[in-house]
Amino acid sequence: MSVKHPIVAITGAMESGSVSVIQALERIFYRERVKAVYIDGSAFRRYDRTAMRDEVNKAKAEGRVLGHFGPDGNHLDKLESLFFEYAAIGKGLYRHYLHNAEQAAKYGQAVGTFTPWERMDSDSDLLLYRGLHGAALVDDIDISQYPDLSIGIAPNANLEWMTKIQHEIRHRGVALDDVKNGLLNRLHDYVHHITPQFMRTHINFQLIPLVDTSDPFAAEPVPTADECYLIIHFCDKYWPDFQPLLADIPGAFMTRRNTMVVPSSKMLMAIELVLMPIIHDLIIASREVRGITDVAEDRGAGLCGLLA
250 MSVKHPIVAI TGAMESGSVS VIQALERIFY RERVKAVYID GSAFRRYDRT
300 AMRDEVNKAK AEGRVLGHFG PDGNHLDKLE SLFFEYAAIG KGLYRHYLHN
350 AEQAAKYGQA VGTFTPWERM DSDSDLLLYR GLHGAALVDD IDISQYPDLS
400 IGIAPNANLE WMTKIQHEIR HRGVALDDVK NGLLNRLHDY VHHITPQFMR
450 THINFQLIPL VDTSDPFAAE PVPTADECYL IIHFCDKYWP DFQPLLADIP
500 GAFMTRRNTM VVPSSKMLMA IELVLMPIIH DLIIASREVR GITDVAEDRG
550 AGLCGLLA
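Read the sequence shown against the working numbering and you will find it ends at 557, with the numbers running on by one and no gaps.
By construction, these hints were calculated from the structure, which means they are not laboratory data.
Every value quoted in this text rests on a predicted model; they were computed, and no experiment measured them.
Any given hint might turn out to be false.
As the list claims (entries may be wrong) - Label pairs and their in silico Cβ distance ranges:
1. Met525 to Thr362: 36 to 42 Å
2. Pro365 to Lys253: 24 to 30 Å
3. Val268 to Pro365: 25 to 31 Å
4. Gln394 to Val268: 24 to 30 Å
5. Val268 to Asn407: 15 to 21 Å
6. His529 to Ile457: 27 to 33 Å
To be verified - Computed cross-link-like contacts, DMTMM-like style, restricted to lysine to aspartate or glutamate with a CA-CA straight-line distance of at most 25 Å:
7. Lys515 to Asp461
8. Lys253 to Asp461
9. Lys307 to Asp461
10. Lys253 to Glu275
Ideal Cβ placement from N, Cα and C applies to all residues, glycine included.
With the hints as extra help, turn the sequences into a complete structure.
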């Protein structure tokens with residue numbers, strides 16, 4: 250953790266709603282005139298797409314499990330080094346993973362490859378990480394110690410699988426059996442390396458469907474926003490004043506002393522209201538330590554380094 254150079258980490262899969270958290274944070278950053286450097290956790294994968302297929306097949310033949318969820322499929326040491334360096338001096342090494350043709354064309358590379366490592370711009374207020382390992386603790390690697398705000402996008406397994414299956418089939422042309430095999434390959438690392446992180450995060454968001462998702466492999470529509478509720482769990486570090494939140498968010502209610510439930514249609518509003526005061530306090534404290542009393546109008550704000 251660093252007062253001078255704060256880090257916000259979002260841990261969880263994109264299918265679970267981290268896009269909404271990113272949208273809420275972008276609004277907050279513009280409002281607070283925060284310049285945040287964005288780090289995609291996919292950039293810290295150990296292998297590019299082609300090499301990963303070969304390594305997965307090799308691991309299967311040897312009776313090992315290899316996937317993007319576990320430490321063997323990632324450079325967690327490099328991610329920890331980035332967090333350590335940014336917390337200390339506000340800089341660090343990063344790269345991009347090129348997910349699609351549009352991103353690849355921009356860099357003149359193949360889809361599923363990495364851009365070269367480079368130094369980030371030192372002119373930033375905050376580092377925002379989104380990936381699968383923002384609260385990881387593996388042997389002597391402890392990434393969880395660095396984020397000043399650690400946000401968990403906790404999965405609902407069947408909803409997560411349903412979204413994943415339909416995305417892979419419709420947008421990537423992957424056969425259902427291949428998607429199933431991919432999910433099975435992930436289960437070991439999911440249990441041992443993903444879910445334990447949500448005990449180390451400060452705030453967890455989790456979408457819960459109100460319709461039947463008992464068979465995620467059936468061709469049922471993914472639940473809409475009106476068919477879900479958002480569960481928000483707080484730890485003691487960022488304990489909010491619940492009464493204003495309950496008054497301001499239509500349909501919100503408490504189920505436990507540390508757990509609030511809101512209609513999914515109000516998710517963006519709820520996330521903004523929860524995170525706004527935390528980000529505000531982090532930035533005020535950071536600027537005070539750095540001796541910043543005024544921010545130039547033309548400096549820019551928002552997320553830097555987010556690929557379209």
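Verification of the supplied hints:
Checked against the hint of 36 to 42 Å, the pair Met525 and Thr362 passes, with Cβ atoms roughly 37 Å apart. Between Pro365 and Lys253 the beta carbons are some 28 Å apart, a value that agrees with the proposed interval 24 to 30 Å. Roughly 27 Å separates the CB atoms of Val268 and Pro365, a value that falls within the hinted 25 to 31 Å. Checked against the hint of 24 to 30 Å, the C-beta distance between Gln394 and Val268 comes to roughly 27 Å, which is consistent with it.
Here the CB-CB span from Val268 to Asn407 is close to 20 Å, well matched to the stated 15 to 21 Å. Taking 27 to 33 Å as the suggested C-beta distance range, the pair His529 and Ile457 conforms, at roughly 29 Å. Annotation: proposed proximity of Lys515 to Asp461 holds, straight-line Cα distance about 21 Å (limit 25 Å). In summary, the hint linking Lys253 to Asp461 is not supported, as the alpha carbons are separated by about 47 Å, beyond the 25 Å threshold.
With a C-alpha separation of about 38 Å, the suggested pair Lys307 and Asp461 falls outside the 25 Å cut-off, and the hint is violated. Between Lys253 and Glu275, the direct Cα distance comes to roughly 21 Å. Compliance with the 25 Å bound is thereby established for this hinted pair.
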